[in-house]
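Engineer: Got chain A sorted already, so can you dock chain B onto it with the hints?
Number of protein chains: 2
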Amino acid sequence: MSQLRKDPVVSRWVIVATERARRPAAFVDPQSSATDPKNCPYCHDTASKVVHESHGVRVINSSGPILDGSKPFERRAHGLYEVAHSHGSHEIVVETPQHVANMADLPVAQITAVFQTYALRMQAHRENPFVEYVLAYKNYGVAAGSRAIGHARSQIMAVPVLPMRIKDKTRGAEKYFDYHERCLFCDIVAQELKRGERLVSQNEHFVAVTPFAPRFPFETWILPKEHHCDFAQGVVGFEDSLAALIKDVLLRFKIGLNDPAYNYMIQTAPVKRPSAFKDDYHWHIEIMPRLTRVAGFERGTGFYICPIPPEMTADFLKEVDIHA
Amino acid sequence: MSQLRKDPVVSRWVIVATERARRPAAFVDPQSSATDPKNCPYCHDTASKVVHESHGVRVINSSGPILDGSKPFERRAHGLYEVAHSHGSHEIVVETPQHVANMADLPVAQITAVFQTYALRMQAHRENPFVEYVLAYKNYGVAAGSRAIGHARSQIMAVPVLPMRIKDKTRGAEKYFDYHERCLFCDIVAQELKRGERLVSQNEHFVAVTPFAPRFPFETWILPKEHHCDFAQGVVGFEDSLAALIKDVLLRFKIGLNDPAYNYMIQTAPVKRPSAFKDDYHWHIEIMPRLTRVAGFERGTGFYICPIPPEMTADFLKEVDIHA
Chain A
486 MSQLRKDPVV SRWVIVATER ARRPAAFVDP QSSATDPKNC PYCHDTASKV
536 VHESHGVRVI NSSGPILDGS KPFERRAHGL YEVAHSHGSH EIVVETPQHV
586 ANMADLPVAQ ITAVFQTYAL RMQAHRENPF VEYVLAYKNY GVAAGSRAIG
636 HARSQIMAVP VLPMRIKDKT RGAEKYFDYH ERCLFCDIVA QELKRGERLV
686 SQNEHFVAVT PFAPRFPFET WILPKEHHCD FAQGVVGFED SLAALIKDVL
736 LRFKIGLNDP AYNYMIQTAP VKRPSAFKDD YHWHIEIMPR LTRVAGFERG
786 TGFYICPIPP EMTADFLKEV DIHA
Chain B
486 MSQLRKDPVV SRWVIVATER ARRPAAFVDP QSSATDPKNC PYCHDTASKV
536 VHESHGVRVI NSSGPILDGS KPFERRAHGL YEVAHSHGSH EIVVETPQHV
586 ANMADLPVAQ ITAVFQTYAL RMQAHRENPF VEYVLAYKNY GVAAGSRAIG
636 HARSQIMAVP VLPMRIKDKT RGAEKYFDYH ERCLFCDIVA QELKRGERLV
686 SQNEHFVAVT PFAPRFPFET WILPKEHHCD FAQGVVGFED SLAALIKDVL
736 LRFKIGLNDP AYNYMIQTAP VKRPSAFKDD YHWHIEIMPR LTRVAGFERG
786 TGFYICPIPP EMTADFLKEV DIHA
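Same order as they appear, the protein sequences are chains A and B. Quick note: the first sequence uses my numbering, first residue 486, plus one each step. Quick note: the second sequence uses my numbering, first residue 486, plus one each step.
Don't take every hint at face value.
Identical chains share a label here; the pair holds if one copy fits it or two copies do between them.
[To be verified] Below 20 Å or equal to it, Euclidean Cα-Cα: the simulated SDA-like pairs (lysine to any residue) are: (1) K739 / R561; (2) K491 / E567; (3) K534 / F615; (4) K534 / N524; (5) K491 / E682; (6) K710 / N688; (7) K710 / Y661; (8) K652 / H808; (9) K679 / Y566; (10) K710 / A729; (11) K491 / D672; (12) K660 / L647; (13) K556 / K710; (14) K491 / M649; (15) K732 / K803; (16) K652 / P755; (17) K491 / K652; (18) K491 / L684; (19) K660 / M649; (20) K652 / R700; (21) K679 / G564; (22) K534 / D672; (23) K732 / H584; (24) K491 / D653; (25) K491 / E659; (26) K491 / R650; (27) K660 / G681; (28) K652 / S496.
By construction, these hints were calculated from the structure, which means they are not laboratory data.
Chain A extracted, bound-state conformation (with noise of 0.2 Å):
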């Protein structure tokens, strides 16, 4: 199986294959070659446990499961370093019966069905006490790490300890409304909506921006209007709307610039909060094109370069035509 480890220095959490690991000499040269659809494992797969089904989209569990949720999650000393059973669940979301690979290419009734199907697994596994986050997120393309099997899927991991970067938000989330007594995101909404610059799409109840201080080139994220902490309470009754706005997005990725490789990753709140409904964060999405490979030094301090202004990417995503 594998181990979760912690970092000593900066306590990130790390999930670390042990037995299922690949000998030293795969890395080498790593090839990744497309699959015939006659092979695809998820237009044929008869194999996997189903864990949820409905509206055409499947919840499987991970063929290769990097966490296993039949040990409990208990911390122990290793040295001067901690380590633990990787306990939790990861799952794959087939999102369509039909071999298609881009989420961009799927009607919009597909797309809510994936994203309420995201908030029913959320909800699901709240329950095991263990649980402290839920990550929700897609790899699409070989750049963006994804094999390329060519049918859409997206991933959720239920992991016991909190993400660094979801501590990080909503510390300063916290700090921010400690000082404002407002939400952070409510503020950025309505000030990107006044001024516009940073727009890239939006509808009745969701809002496309590029980030004013963005990592990656054309990096947008996905806002709700309305305020909540969390995704899997919070989009009810509003899957149809993100959804028509995630498509609206990828769309403007796909034509505008060329089908590029893309990460998208819902960043909700912590499962355990002293209220689920605290003002201070708001939960969103993020979504990345992998386009550039400058993010070398960046993984290792921290410190990001983007090479081109978010105002000009959002004036060239919101000039494609998605409906040519």
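Structural biologist: Leaving out everything else, chain B in the frame of chain A:
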């Protein structure tokens, strides 16, 4: 020029190019083609201002500087955001007069001169009262964010803000010191030398280990055995010993992993500290080969999955015959 902009959520400063931005269309199909040695800008450069030169190592100002020391660092509000002139300097360290691509192939004496140069430039930038941190780092290979020019070089950036990971690291080390009254990194060095399971290589003054909770496969840290928080001061007199171990590790990467792209960064203490000899930080170097693209969602969440245990990668690197 460019701007420093602060992410309002996590307080991360980002350099955002403004004037010299590439057009959005330039990101659509980024191409990097190898440069003919006849046209190598580092073999035949006569235009760049030479900032420092010794033992065949030449420091020049970046030709497309993203930092500019001519105007002071002044933060100002931009709505709810914060922005500043991108004060600082950005230098290229051309490591050799020869057209050699990989530092692994330079003689130890030449690598020694490179590290001496880093230390000298760091001390020089310290004189600038706006400078909070000096980053010295290398991107080798296209996958590491470098252009394919084939001439060994590294970069030095003097910046008026603390990079986020440095903040996280110093904060973590402080916490450990507060409790244990010992340096965390000294304890790591002692434990790794005793256990040996993550030891890659060592010499009299330095040790190379894979970290207990790595983010990336084959990630390797080089730490001085002697405690010192500051690279520029602590390395003096030990540059040749450091150069020998750097070459040792880079050769293990080159031979064992088929000449992979890699990054390294010197993780020294912030320029401004209560005392330059405070005991709670300990400089070191992180080296990361860029073998996998799995860092897709990791970039967005700070949650990492390392697909191979560091004990296995240490064993693999240890076995590489670098004298063949």
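Engineer: Each hint needs a verdict: does it hold in this structure or not?
Structural biologist: Quick rundown of the hints versus the structure:
1. K739 / R561: neither (46 Å within a copy, 36 Å between copies)
2. K491 / E567: Only inside one copy: K491 and E567 sit 5 Å apart there, 33 Å across copies, limit 20 Å.
3. K534 / F615: neither (22 Å within a copy, 58 Å between copies)
4. K534 / N524: within (19 Å within a copy, 58 Å between copies)
5. K491 / E682: between (41 Å within a copy, 17 Å between copies)
6. K710 / N688: Only inside one copy: K710 and N688 sit 9 Å apart there, 58 Å across copies, limit 20 Å.
7. K710 / Y661: within (18 Å within a copy, 42 Å between copies)
8. K652 / H808: neither (39 Å within a copy, 46 Å between copies)
9. K679 / Y566: between (49 Å within a copy, 14 Å between copies)
10. K710 / A729: So K710 and A729 pass the 20 Å test inside one copy only (15 Å; across, 57 Å).
11. K491 / D672: Between. Shortest inter-copy distance 16 Å satisfies the 20 Å Cα cut-off; intra-copy 35 Å does not.
12. K660 / L647: both (18 Å within a copy, 19 Å between copies)
13. K556 / K710: neither (40 Å within a copy, 39 Å between copies)
14. K491 / M649: both (11 Å within a copy, 18 Å between copies)
15. K732 / K803: within (14 Å within a copy, 49 Å between copies)
16. K652 / P755: Answer is within: at 9 Å inside a copy they meet the 20 Å cutoff, but 23 Å across does not.
17. K491 / K652: both (15 Å within a copy, 18 Å between copies)
18. K491 / L684: between (39 Å within a copy, 19 Å between copies)
19. K660 / M649: Intra 17 Å, inter 17 Å, cutoff 20 Å: intra and inter.
20. K652 / R700: both (18 Å within a copy, 18 Å between copies)
21. K679 / G564: between (54 Å within a copy, 11 Å between copies)
22. K534 / D672: neither (44 Å within a copy, 45 Å between copies)
23. K732 / H584: Classified as within; 18 Å inside a copy, 48 Å across copies.
24. K491 / D653: both (16 Å within a copy, 14 Å between copies)
25. K491 / E659: So K491 and E659 pass the 20 Å test across copies only (17 Å; inside, 25 Å).
26. K491 / R650: This pair counts as both: shortest intra-copy Cα distance 15 Å, inter-copy 16 Å.
27. K660 / G681: neither (26 Å within a copy, 43 Å between copies)
28. K652 / S496: Classified as both: same-chain Cα gap 11 Å, cross-chain 13 Å, threshold 20 Å.
Violated hints, in rising order: 1, 3, 8, 13, 22, 27; the structure is consistent with all others.
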